[in-house]
Amino acid sequence: MRIKMCSIHVKDPAEAFKFYTEVLGFEELVAMPEYFLYIVKSPEEGQGTGLLLEPSDNPLGEAYMKGVYDAGMPTIVFGVPDVQAEYERLVARGVKFTAEPQPDPSGILSAVFDDGCGNLVQLHQD
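Numbering of the sequence shown is given in my numbering, commencing with residue 3 and proceeding in unit increments.
Everything labelled a hint here was simulated from the structure, so no lab data went into it. Treat each hint with caution, since some may be false.
What the hints assert, rightly or not - Result set (DSS-like, lysine-lysine): computed pairs, CA atoms no more than 27 Å apart in a straight line:
1. 43 to 20
2. 98 to 20
3. 98 to 13
4. 13 to 68
5. 68 to 20
6. 68 to 98
7. 6 to 43
8. 6 to 20
9. 98 to 43
10. 68 to 6
11. 68 to 43
12. 43 to 13
Work out the full structure: start from the sequences and follow the hints.
What follows is the structure, encoded as structure tokens:
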């Protein structure tokens, strides 16, 4: 058994798709604008896990997204081989981080950024 797909709620799936592909570097898995359906995947994983950019157009999804964001909690964690290098690459592309990369309690480097779509996202060094 493996994870086929997971999702995060976003304010606007089309704008999130643009950010996740053009800025972060994910690849299109599915893009069906007529259904407001956008799924991205890592370019490093072939047919790996899909990330559904879920519209937060129902009260439960919207409340969850706002509550997690307001609490300062990352919605999802992405693994990268070099957090510092990824931080510098994304800052150069205009991504806003909550702070510079720092070691977490286990000593592993991590950083959190705002995806501009309603979520905080953590980068975690592999």
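Hint-by-hint comparison with the structure:
1. 43 to 20: With Cα atoms ~13 Å apart, residue 43 and residue 20 stay inside 27 Å; holds.
2. 98 to 20: holds, 16 Å
3. 98 to 13: Distance of about 17 Å is within 27 Å: holds.
4. 13 to 68: holds, 10 Å
5. 68 to 20: holds, 21 Å
6. 68 to 98: Roughly 18 Å between the alpha carbons, so the hint for residue 68 and residue 98 holds.
7. 6 to 43: holds, 11 Å
8. 6 to 20: holds, 22 Å
9. 98 to 43: holds, 22 Å
10. 68 to 6: It holds: about 26 Å lies between the C-alpha atoms, which stays within 27 Å.
11. 68 to 43: Given pair residue 68, residue 43 holds - Cα atoms ~24 Å apart, limit 27 Å.
12. 43 to 13: holds, 19 Å
In terms of the numbered hints stated before, the structure departs from none.
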